[in-house]
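Chain residues, written in single-letter form:
There are 2 protein chains.
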Amino acid sequence: MKKYHIAILGVTGAVGQEMLKVLSERQLPIKKLHVFASKRSAGQTLHFENQDLTIEELTGDCFKGIDIVLSALDDEIARQFLPKAVAAGCLVIDNSSIYRLNEAVPLIVPEINAEDIKKNQGIIANPNCSTIIGLVAIAPLHQRYSIQQIVVSTYQAVSGAGIAGTHELEQQIKELENQDAPTIDAFQYQIAYNLIPQIGGFDAEGNTSEELKFQNEGRKILHHPNLNVICTCVRVPVIRSHSESITLYFDEDFSIEEVKKLLSVAPGVKLIDETDDIPYPMPLEASGQDLVYVGRIRKQKINQQTVISLWCCGDQLRKGAATNAIQIAQSYIEQN
Amino acid sequence: MKKYHIAILGVTGAVGQEMLKVLSERQLPIKKLHVFASKRSAGQTLHFENQDLTIEELTGDCFKGIDIVLSALDDEIARQFLPKAVAAGCLVIDNSSIYRLNEAVPLIVPEINAEDIKKNQGIIANPNCSTIIGLVAIAPLHQRYSIQQIVVSTYQAVSGAGIAGTHELEQQIKELENQDAPTIDAFQYQIAYNLIPQIGGFDAEGNTSEELKFQNEGRKILHHPNLNVICTCVRVPVIRSHSESITLYFDEDFSIEEVKKLLSVAPGVKLIDETDDIPYPMPLEASGQDLVYVGRIRKQKINQQTVISLWCCGDQLRKGAATNAIQIAQSYIEQN
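Chains A and B, in that order, are what the protein sequence lines are. To convert, take the position in the first sequence, counting from 1, and add 3; that gives our numbering. To convert, take the position in the second sequence, counting from 1, and add 3; that gives our numbering.
Source of the hints: derived by calculation from the structure; they are not laboratory data. If you're wondering where the values come from, they're calculated on a predicted model, not measured in any experiment. Don't take each hint at face value.
Said to hold, decoys possible - Taking lysine to any residue and the SDA-like style, the derived pairs with C-alpha atoms no more than 25 Å apart in a straight line are:
#	chain 1	residue 1	chain 2	residue 2
1	B	Lys304	A	Gln308
2	B	Lys42	B	Ala167
3	A	Lys302	B	Phe205
4	A	Lys121	A	Gln218
5	A	Lys302	A	Tyr148
6	B	Lys304	A	Asn306
7	B	Lys263	A	Gly203
Said to hold, decoys possible - Derived coverage of chain A by chain B (criterion: at least 3 residues anywhere in the stretch with Cβ under 8 Å from a Cβ of chain B; other residues may be distant):
#	stretch
8	149–161
9	194–208
10	237–243
11	284–291
12	310–324
By construction, the Cβ of each residue, glycine as well, lies at the ideal position given by its N, Cα and C atoms.
With the sequences and hints as input, model every part of the structure.
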């Protein structure tokens with residue numbers, strides 16, 4: 004079996020660190036793992052399985068001999084370096100948002116549209132974290148009944164803003180205990196004991212960039228160009244795992260037992276109900292897991308429509324980023 | 004002008020304490036304020052304006068001579084004592100849930116349906132806290148355009164569970180810092196750095212009692228028996244003020260400027276937009292306020308419907324409980 008030179012770009016960030024962890028858990032045919040970061044971190048040593056890996060500096064000509072690039076770079080740096088990786092013949096799996104809506108770039112959640120991987124021209128995009136988590140929960144229902152419309156409100160953890168986000172919540176809690184003014188840097192306002200209904204910048208209609216991703220990326224991943232999504236994204240003082248309150252509208256009627264049965268066998272989903280240790284998903288429980296926890300499933304009939312509500316939680320650093328990227332790599336390797 | 008003997012029942016709880024504070028801020032024609040609590044607290048002294056008030060024991064025959072009773076008692080104790088207050092001739096304004104859907108009892112948000120007060124037969128019910136906060140934000144739109152359907156996801160503060168809720172969050176944060184296991188008592192699970200999608204008990208369809216209140220109480224308050232509400236209630240690690248992500252469906256079309264104009268002059272609403280110090284409502288900002296902060300207003304056209312999304316925050320101990328009860332008393336006094 005072919006073995007691959009795999010590289011992680013941005014290995015010192017929250018997602019890069021998680022990629023290293025997920026790679027060590029999964030059996031990929033790795034010939035050699037290369038880890039890259041900015042000049043500042045170059046030369047440092049990382050432990051991976053039984054090896055010590057030296058962080059190399061990310062440069063324009065560091066991609067020779069690499070087969071698969073897992074990129075956890077920010078948008079701006081991704082834009083600068085990823086074309087060079089493609090030119091060097093790498094398959095790039097990109098966690099940034101810059102290529103996601105590019106028609107030449109497949110946007111993949113392996114449980115949903117792994118077959119789109121083969122359309123790649125050197126880059127495969129990893130979707131937005133809250134989009135991945137929500138879609139894993141609802142795609143099994145869409146594939147069976149066709150969703151007309153989605154209303155989603157998110158409850159997003161501070162680590163979605165990287166290591167700095169986690170640090171800021173912890174620091175603010177300590178500062179408030181000492182009756183010091185909380186340091187505000189990673190987020191727009193105090194996040195400790197507060198909620199911030201803004202993730203990303205605003206468009207002219209008042210939507211944040213994070214809110215637009217669910218519809219835009221969801222349409223592409225589900226191959227459903229008319230999907231309507233009404234999305235509100237909120238940062239909450241939780242360290243890890245995003246949660247989502249989702250309401251789905253269908254034209255068809257069906258029973259809630261059917262919904263639960265579909266979800267109980269859906270790939271990537273852990274259905275949580277009263278028969279489990281916990282009766283519903285919570286971010287603390289979903290953290291460190293690769294499955295999206297789905298529960299609180301309810302059905303209403305309103306006018307001619309069947310309305311399903313559910314609540315899901317997923318680790319946005321794992322399934323929402325690192326795990327999904329590595330699952331894409333696994334699917335790519337299997338398809339080759 | 005007539006002056007009233009006013010009593011607070013349950014004065015030592017989170018809502019009772021807030022009633023005392025709100026009464027001291029507002030100019031009610033009080034002849035004498037009487038404060039009642041359980042035997043445990045009886046005899047203690049409370050400061051109110053320039054007086055020292057002695058807490059009296061709540062008993063079945065403590066209501067003689069009282070004109071208006073503001074009750075912050077729990078459901079069970081309310082059920083035991085409030086009929087005795089009515090029998091003694093008091094007007095009872097009840098913050099518990101036991102009478103809210105009783106047809107003989109008006110359920111009042113003074114900004115919306117103050118005229119229903121006169122139908123009272125001795126008891127007026129104060130609605131559920133998240134229902135009050137959401138309805139203050141949306142009633143001005145319903146009155147103009149008629150809402151067909153509401154989807155609401157709540158982000159509810161720990162003080163909604165009383166002083167014990169606040170204490171538990173603070174205690175858990177300290178315990179986790181010391182690497183001790185968090186004490187779990189007021190809530191079902193750890194709330195520090197977590198979310199709990201359960202407030203109240205479950206019905207057979209999987210709805211919590213808190214989730215059913217928005218539709219049931221909303222229909223009564225808005226005089227809109229066909230209103231459909233899809234509600235998901237979630238406890239978040241915020242000390243004070245409930246927040247709500249609300250999506251509203253209308254058959255009529257209108258501009259977002261019209262919506263903002265309506266909300267900018269709506270009673271009880273503080274419209275927050277990019278022209279304010281903060282660009283959107285946050286629970287930290289709404290805390291200690293009587294107005295419901297409304298912002299993040301967006302419009303979409305989906306099929307034949309106009310869909311408005313908004314985000315609101317309100318202090319659930321004040322407008323969601325104490326302030327609303329005292330506004331009911333004020334309206335009652337004015338109407339007499």
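Results of checking the hints against the structure:
1. Lys304/B with Gln308/A: With Cα atoms ~18 Å apart, Lys304/B and Gln308/A stay inside 25 Å; holds.
2. Lys42/B with Ala167/B: 19 Å, holds
3. Lys302/A with Phe205/B: 14 Å, holds
4. Lys121/A with Gln218/A: Judged against 25 Å, a Cα distance of about 23 Å means the pair holds.
5. Lys302/A with Tyr148/A: Holds. Lys302/A to Tyr148/A sits at ~14 Å (cutoff 25 Å).
6. Lys304/B with Asn306/A: Status holds; Cα separation ~19 Å.
7. Lys263/B with Gly203/A: Holds, at roughly 23 Å.
8. 149–161: Held - the stretch 149–161 of chain A has 4 residues with a Cβ nearer than 8 Å to chain B, which meets the minimum of three.
9. 194–208: holds (count 7)
10. 237–243: Satisfied; 5 residues make the cut.
11. 284–291: holds (count 4)
12. 310–324: The restraint on the stretch 310–324 of chain A holds, since 4 of its residues have a Cβ under 8 Å from chain B and three suffice.
When held up to the earlier numbered hints, the structure conflicts with none and fits them all.
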